[in-house]
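Chains A and B are the protein sequences, given in the same order.
The first sequence maps to residues 1 to 236 in our numbering.
The second sequence maps to residues 1 to 236 in our numbering.
These are calculated hints, taken from the structure and not from any lab test.
Among the clues, some could well be false.
Where chains are identical, the list cannot tell them apart; a pair therefore holds if satisfied intra-copy or between any two copies.
As the list claims (entries may be wrong) - Straight-line distance between alpha carbons at most 20 Å, and here's what the computed DMTMM-like set of lysine to aspartate or glutamate pairs gives: (1) Lys133 / Asp65; (2) Lys133 / Asp119; (3) Lys233 / Asp42; (4) Lys156 / Asp89; (5) Lys210 / Asp119; (6) Lys233 / Glu205; (7) Lys210 / Asp69; (8) Lys133 / Asp89; (9) Lys133 / Asp161; (10) Lys233 / Asp69.
Just so it is clear, the structure is predicted and the values come from calculations on it, not from any experiment.
2 protein chains.
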Amino acid sequence: MNAPLRIAEIFGPTIQGEGALIGEATVFVRAGGCDYRCVWCDSLHAVDSENRHQWAKMTPQQVWDRVHDLSGGVPLTVSISGGNPAIQDFAPLIDLGHAQGYRFACETQGSIAKPWFADLDMLVLSPKPPSSKEFVDWAAFDACIAAAGAANTVLKIVIFDDTDYQWARDVATRYPALPLFIQPGNPEVDPSQPVDLNAATARLEWLVNKASTDRWFTPRILPQLHVLIWGNKRGV
Amino acid sequence: MNAPLRIAEIFGPTIQGEGALIGEATVFVRAGGCDYRCVWCDSLHAVDSENRHQWAKMTPQQVWDRVHDLSGGVPLTVSISGGNPAIQDFAPLIDLGHAQGYRFACETQGSIAKPWFADLDMLVLSPKPPSSKEFVDWAAFDACIAAAGAANTVLKIVIFDDTDYQWARDVATRYPALPLFIQPGNPEVDPSQPVDLNAATARLEWLVNKASTDRWFTPRILPQLHVLIWGNKRGV
């Protein structure tokens with residue numbers, strides 16, 4: 001029997017708001033629990049263990065039933081996020097969905113490698129830059145790439161400042177074969193406050209101008225679409 | 001000797017603001033002249049023949065020199081747009097760029113097929129929906145796909161209203177193998193006026209909600225990033 005999963009929320013269908021699958025229809029399965037505590041985390045409700053009693057204990061079948069219900073049985077991409085979903089075992093969920101033609105992407109910081117990464121259609125590794133006050137264990141990170149296979153792995157880096165930017169350039173040099181997506185950091189993470197759209201688009205312009213001036217043309221530069229549309233509201 | 005090209009503008013590096021290459025570093029080469037006149041055209045300066053005396057006559061080598069200069073000789077994707085670039089012969093420009101590792105994407109409505117479509121790294125076919133007051137010649141459109149090869153062709157459809165939306169669904173049914181990108185239409189095209197960001201993101205939300213409700217999960221739904229960042233300003 002499969003161990004239950006700790007799930008912070010399941011919602012959708014909506015669009016993937018960022019990175020390689022931006023704009024793609026998806027249902028999110030957000031795992032509860034994280035081994036990081038980034039200072040600017042926008043998903044503390046799935047990270048901070050003080051919220052753990054709000055996380056549902058669900059079997060993979062129960063999670064799958066909910067995804068199937070939300071999507072009306074029409075296949076789409078399921079986005080497994082968190083928190084850090086790599087703490088738990090999502091292999092049974094992926095098996096259930098694949099059997100019905102669904103695809104699976106998973107986003108993790110790359111601190112824990114799991115065999116089930118090999119089952120994913122896409123692994124999004126999001127190493128945390130210096131502004132997070134976390135540190136990347138590159139041996140663990142490389143193990144994640146090895147587990148998923150480089151062909152199914154992409155990188156996503158959030159950039160808050162010049163230090164993060166230079167760090168992202170170094171990461172890009174380290175992994176020249178992996179597609180890289182960068183996005184400006186969002187310092188406005190209070191779900192009860194509206195997002196300043198002008199400030200959000202100005203941050204994107206800052207990053208575009210910086211990379212263009214440096215003729216750093218390899219990354220794709222994208223915003224967080226969901227923040228532009230819904231602010232920091234949850235469940236969309 | 002190659003015939004000169006009529007060029008409305010060359011600018012960049014910036015990011016591709018929409019469609020399959022959204023967020024990718026690019027230099028735009030905007031061809032002057034168009035066989036369409038969509039009622040909501042956002043590039044009339046490259047379409048309306050009253051502007052034709054402002055279009056530069058440039059040899060492919062001159063265009064290439066400008067692209068090379070703007071990008072500092074660092075390869076990126078060149079986006080050939082218009083107007084309708086398929087009126088002219090971009091094969092010599094593509095040859096010059098490919099020789100130095102640059103990639104080429106071209107966007108056209110699909111009314112004119114050209115042999116040089118086969119040289120492109122990506123052909124973006126953007127059939128115009130009913131709100132444009134133009135009409136698609138599907139035989140010509142199919143000839144464009146045949147010229148480029150289906151593997152290098154993607155579809156992009158602008159959607160202003162429910163009629164356009166239903167039309168896009170029919171087009172998707174017609175071309176199930178081609179990746180489809182849809183985006184809300186932008187009724188604010190006056191470069192002298194600021195764009196209402198709340199209205200722009202509300203249009204994106206409308207389209208996301210509509211497709212989600214219908215469980216139409218195949219298209220990617222994206223905004224025009226450049227409009228969010230720069231409004232309708234030209235040359236960015």
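Those earlier numbered hints the structure runs against, lowest number first: Violated: hints 1, 2, 4, 5, 8, 10.
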